[in-house]
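**Q** Each chain, letter by letter, is given below.
2 protein chains.
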Amino acid sequence: MTNFEFKNPTKIIFGKDTIKKIIEEIPSDAKILMLYGGGSIKKNGVYDQVKAALKNADLVEFGGIPANPEYAVLMDALKIIKEEKITYLLAVGGGSVIDGTKFLSAAAVYEGDEPWDFVKKREPIKKGMPFGTVLTLPATGSEMNSGTVISRKETQEKLAFGGPALFPQFSVLDPQVITSIPERQLVNGITDAFTHVLEQYMTYPAGGFLQDRFAEGILQTLIEIAPRVIKDPSDYEAAANFMWSCTMALNGLIQQGVPGDWAVHMMGHELTAMYGIDHARTLAVVAPSHYKYNFEAKKEKLAQYGERVWNITEGNVDDKAYAAIERTEAFFKELGIDTKLSDYTSDYEGTAEKIAQRFTDRGWKGLGERQALTPQDAEKIVKMAY
Amino acid sequence: MTNFEFKNPTKIIFGKDTIKKIIEEIPSDAKILMLYGGGSIKKNGVYDQVKAALKNADLVEFGGIPANPEYAVLMDALKIIKEEKITYLLAVGGGSVIDGTKFLSAAAVYEGDEPWDFVKKREPIKKGMPFGTVLTLPATGSEMNSGTVISRKETQEKLAFGGPALFPQFSVLDPQVITSIPERQLVNGITDAFTHVLEQYMTYPAGGFLQDRFAEGILQTLIEIAPRVIKDPSDYEAAANFMWSCTMALNGLIQQGVPGDWAVHMMGHELTAMYGIDHARTLAVVAPSHYKYNFEAKKEKLAQYGERVWNITEGNVDDKAYAAIERTEAFFKELGIDTKLSDYTSDYEGTAEKIAQRFTDRGWKGLGERQALTPQDAEKIVKMAY
Numbered sequence: 000m001t002n003f004e005f006k007n008p009t010k011i012i013f014g015k016d017t018i019k020k021i022i023e024e025i026p027s028d029a030k031i032l033m034l035y036g037g038g039s040i041k042k043n044g045v046y047d048q049v050k051a052a053l054k055n056a057d058l059v060e061f062g063g064i065p066a067n068p069e070y071a072v073l074m075d076a077l078k079i080i081k082e083e084k085i086t087y088l089l090a091v092g093g094g095s096v097i098d099g100t101k102f103l104s105a106a107a108v109y110e111g112d113e114p115w116d117f118v119k120k121r122e123p124i125k126k127g128m129p130f131g132t133v134l135t136l137p138a139t140g141s142e143m144n145s146g147t148v149i150s151r152k153e154t155q156e157k158l159a160f161g162g163p164a165l166f167p168q169f170s171v172l173d174p175q176v177i178t179s180i181p182e183r184q185l186v187n188g189i190t191d192a193f194t195h196v197l198e199q200y201m202t203y204p205a206g207g208f209l210q211d212r213f214a215e216g217i218l219q220t221l222i223e224i225a226p227r228v229i230k231d232p233s234d235y236e237a238a239a240n241f242m243w244s245c246t247m248a249l250n251g252l253i254q255q256g257v258p259g260d261w262a263v264h265m266m267g268h269e270l271t272a273m274y275g276i277d278h279a280r281t282l283a284v285v286a287p288s289h290y291k292y293n294f295e296a297k298k299e300k301l302a303q304y305g306e307r308v309w310n311i312t313e314g315n316v317d318d319k320a321y322a323a324i325e326r327t328e329a330f331f332k333e334l335g336i337d338t339k340l341s342d343y344t345s346d347y348e349g350t351a352e353k354i355a356q357r358f359t360d361r362g363w364k365g366l367g368e369r370q371a372l373t374p375q376d377a378e379k380i381v382k383m384a385y
Numbered sequence: 000m001t002n003f004e005f006k007n008p009t010k011i012i013f014g015k016d017t018i019k020k021i022i023e024e025i026p027s028d029a030k031i032l033m034l035y036g037g038g039s040i041k042k043n044g045v046y047d048q049v050k051a052a053l054k055n056a057d058l059v060e061f062g063g064i065p066a067n068p069e070y071a072v073l074m075d076a077l078k079i080i081k082e083e084k085i086t087y088l089l090a091v092g093g094g095s096v097i098d099g100t101k102f103l104s105a106a107a108v109y110e111g112d113e114p115w116d117f118v119k120k121r122e123p124i125k126k127g128m129p130f131g132t133v134l135t136l137p138a139t140g141s142e143m144n145s146g147t148v149i150s151r152k153e154t155q156e157k158l159a160f161g162g163p164a165l166f167p168q169f170s171v172l173d174p175q176v177i178t179s180i181p182e183r184q185l186v187n188g189i190t191d192a193f194t195h196v197l198e199q200y201m202t203y204p205a206g207g208f209l210q211d212r213f214a215e216g217i218l219q220t221l222i223e224i225a226p227r228v229i230k231d232p233s234d235y236e237a238a239a240n241f242m243w244s245c246t247m248a249l250n251g252l253i254q255q256g257v258p259g260d261w262a263v264h265m266m267g268h269e270l271t272a273m274y275g276i277d278h279a280r281t282l283a284v285v286a287p288s289h290y291k292y293n294f295e296a297k298k299e300k301l302a303q304y305g306e307r308v309w310n311i312t313e314g315n316v317d318d319k320a321y322a323a324i325e326r327t328e329a330f331f332k333e334l335g336i337d338t339k340l341s342d343y344t345s346d347y348e349g350t351a352e353k354i355a356q357r358f359t360d361r362g363w364k365g366l367g368e369r370q371a372l373t374p375q376d377a378e379k380i381v382k383m384a385y
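Chains A and B, in that order, are what the protein sequence lines are.
Here numbering that gives the first Met the number 0 is used: the first residue of the first sequence is 0, the next is one more, and so on.
Here numbering that gives the first Met the number 0 is used: the first residue of the second sequence is 0, the next is one more, and so on.
Among these hints, one or two may not hold up.
Identical copies go unnamed one by one, so any copy, or any two together, can satisfy a pair.
Only pairs whose alpha carbons sit at most 25 Å apart, straight line, appear in this in silico DSS-like list of lysine-lysine [claimed, not checked]:
| no. | residue 1 | residue 2 |
| --- | --- | --- |
| 1 | Lys-126 | Lys-339 |
| 2 | Lys-364 | Lys-50 |
| 3 | Lys-15 | Lys-126 |
| 4 | Lys-126 | Lys-10 |
| 5 | Lys-6 | Lys-364 |
| 6 | Lys-332 | Lys-50 |
| 7 | Lys-125 | Lys-6 |
| 8 | Lys-364 | Lys-19 |
| 9 | Lys-54 | Lys-30 |
| 10 | Lys-20 | Lys-152 |
| 11 | Lys-152 | Lys-81 |
Hints listed in this document are in silico derivations from the structure and should not be mistaken for laboratory results.
The task is simple: from the sequences and hints, build the whole structure.
**A** See the structure below:
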């Protein structure tokens with residue numbers, strides 16, 4: 000186990016009918032900008048609940064933040080923040096709205112002219128406008144971490160950054176919101192959270208026995224609740240465990256003291272940037288090839304995962320490890336998630352080379368838990384995923 | 000899963016040679032009172048490391064806080080806090096020193112005359128002097144929670160209280176401190192953490208699937224590292240997992256959204272107050288009898304625990320549940336922990352009645368996860384533990 004520092008100050012308000020509590024969390028003299036996405040919150044009742052809770056607050060709204068929160072759209076929101084002298088941000092949505100709000104938290108107090116500069120620099124963000132969230136789509140864990148991913152159409156880029164200032168002050172998690180989420184987004188959420196855990200777990204044995212157990216526990220819970228959530232999103236018990244698992248999958252806890260991979264995300268982000276494929280689906284495309292390509296480096300953990308999570312008991316380490324990859328791909332398929340790039344686009348020739356070139360251009364030499372994967376390795380992995 | 004609110008703002012600084020980092024965490028203009036116990040920190044090098052880190056700080060010391068931190072001793076420390084105009088407290092020790100420091104944090108800003116009043120009231124503590132900790136003995140989890148237990152010889156009382164103001168601002172966890180801990184305290188720590196998890200887990204199925212997995216993960220890790228830590232406390236990998244497991248066992252996380260029992264602790268505290276038996280050992284005395292007495296109410300979770308943690312696969316739910324209790328008692332004994340009151344004192348007659356009378360006098364009518372255990376039930380459980 001390596002040394003680590005861990006602090007997560009976000010207050011989680013979890014459970015039925017908890018949206019009304021936001022008024023207790025926001026300073027009474029705040030001028031609030033409420034941010035949301037495409038308008039689903041107006042259909043599922045969340046918008047009305049937020050408005051009712053804040054009926055006596057000084058509130059401005061900004062809707063229309065798209066999936067893969069787009070820089071140009073966020074710059075419009077930033078203008079409103081400045082013009083209206085906003086002092087508090089409230090994200091009402093899924094990971095995209097929350098990620099966009101995190102960007103705005105940093106941008107609102109940024110002293111330079113061009114916020115894209117701090118996105119590209121990827122230095123830890125230490126100052127931000129305070130913000131809270133009302134989560135409407137479990138998946139990314141953004142509601143309890145300090146990271147964000149922003150897209151920019153102009154340059155076909157999708158970049159991650161973060162810092163201690165970007166933890167939400169509070170996040171409201173009411174599992175009842177899951178009732179109205181379309182199946183496509185539910186299975187995306189399960190896949191996203193599942194892969195978040197794999198990125199922090201599927202590396203090499205690093206002596207984080209407790210971290211391994213926690214990671215396996217989240218995976219087991221996601222496997223257990225997945226069919227129930229898909230069959231009946233109003234199954235509160237399943238929804239609550241789904242929601243809490245997604246949060247715990249990426250709130251920093253299971254990453255402490257152990258190596259992280261994250262190469263699957265790096266390659267997946269490019270597929271979203273190039274083809275607009277749903278984030279979670281790009282992960283399901285890249286992960287199986289990634290694990291097969293890096294089989295020797297990862298087989299001990301793959302076998303442990305196979306044994307503990309999938310009850311794979313037959314064969315030696317190699318057999319169990321290989322079976323674990325196959326079982327993972329089968330799990331994604333059972334969710335209705337395609338696992339090959341060619342399932343999403345017929346125009347995939349040259350994708351691998353293009354991604355390798357982008358990594359080279361950005362100077363990304365060593366991806367993965369040992370910083371050993373080159374752009375050429377990424378090229379081969381993406382080709383295996385065609 | 001029930002509704003919950005969870006916020007844990009303590010910063011954990013974990014790993015080798017991290018004690019030196021405390022200087023970065025304490026305000027530079029602070030007047031610090033460093034609190035410690037019987038002086039073991041002067042033998043194991045921790046005292047010197049703390050002093051070196053704070054060599055330029057304005058520092059006063061108070062040593063001699065005993066196991067089961069004693070009110071009268073803490074009142075002496077409170078005098079120093081007032082006389083020396085202390086502004087920051089630094090606990091250097093195990094759970095007793097940290098718990099004592101939490102009492103002092105609250106007492107330092109308390110406006111009444113008699114601090115015992117707020118201990119007895121058990122209202123949430125909302126104001127306190129800021130404090131940090133350097134943990135020297137993994138066991139209680141006090142380094143990352145807001146609870147404390149204080150003893151008072153004068154009245155033979157041992158009472159728990161807490162509140163949002165009583166989270167440490169930071170806690171330094173260097174697993175190297177375990178090297179010099181006597182075996183008696185190591186096995187106490189393992190038993191204490193193990194029972195903390197059981198108190199939050201061994202109730203009834205409550206739909207907290209993820210919480211169950213995390214609880215089981217801590218138990219599995221403690222079982223895995225126990226023989227290694229006892230055999231060689233300088234085994235860093237085992238020590239690190241031991242330390243992190245103890246913290247995670249009682250930092251609030253696994254308790255969210257699920258029922259807690261805590262009756263074992265309530266009865267155990269009385270045995271410590273009456274006979275001075277080590278806290279952890281009182282838990283090992285009470286727990287098996289408690290689970291046998293409440294077998295019908297707890298058997299589903301006992302069986303799940305037996306299956307998942309101890310790989311007990313034979314028999315029906317009742318068989319597995321009973322075997323799980325036996326296996327737990329055997330685990331304590333393997334650690335060298337006696338599990339009957341008569342192993343600790345020959346003067347045990349009347350203990351059960353006395354405890355029942357105390358619970359009655361305090362108006363404690365319903366203990367346990369269903370608040371269904373009466374003082375008469377406690378009497379029977381303690382008798383079973385003779």
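**Q** Look at each hint and say if it fits the structure.
**A** Results for each hint:
1. In this assembly of identical chains, the alpha carbons of Lys-126 and Lys-339 never lie at most 25 Å apart, being 41 Å within a copy and 56 Å across copies at closest.
2. In this homomeric assembly, Lys-364 and Lys-50 never come within 25 Å of each other (Cα to Cα): the closest approach is 48 Å inside a single copy and 43 Å across copies.
3. Proximity of Lys-15 to Lys-126 under the C-alpha cut-off of 25 Å is found in neither arrangement, the shortest distances being 33 Å within a copy and 30 Å between copies.
4. For the identical chains of this complex, Lys-126 and Lys-10 are neighbours both inside a copy (19 Å) and across copies (18 Å), given an alpha-carbon limit of 25 Å.
5. In the homo-oligomer, the alpha carbons of Lys-6 and Lys-364 never lie at most 25 Å apart, since the shortest distance is 30 Å inside one protomer and 38 Å across protomers.
6. In this homomeric assembly, Lys-332 and Lys-50 never come within 25 Å of each other (Cα to Cα): the closest approach is 39 Å inside a single copy and 59 Å across copies.
7. Both within a single protomer and between protomers do Lys-125 and Lys-6 lie at most 25 Å apart by alpha-carbon distance, with minima of 14 Å and 21 Å respectively.
8. Proximity of Lys-364 and Lys-19 under a CA criterion of 25 Å is satisfied in neither setting, with 48 Å inside one chain copy and 34 Å between copies.
9. In this assembly of identical chains, Lys-54 and Lys-30 lie within 25 Å of each other by CA distance solely inside one copy; the values are 13 Å within and 45 Å between copies.
10. In this assembly of identical chains, the alpha carbons of Lys-20 and Lys-152 never lie at most 25 Å apart, being 37 Å within a copy and 43 Å across copies at closest.
11. For the homomeric pair Lys-152 and Lys-81, the shortest alpha-carbon distance inside one copy (24 Å) is at most 25 Å, but the shortest distance between copies (61 Å) is not.
Checked against the numbered hints above, the structure breaks hints 1, 2, 3, 5, 6, 8, 10 and satisfies the rest.
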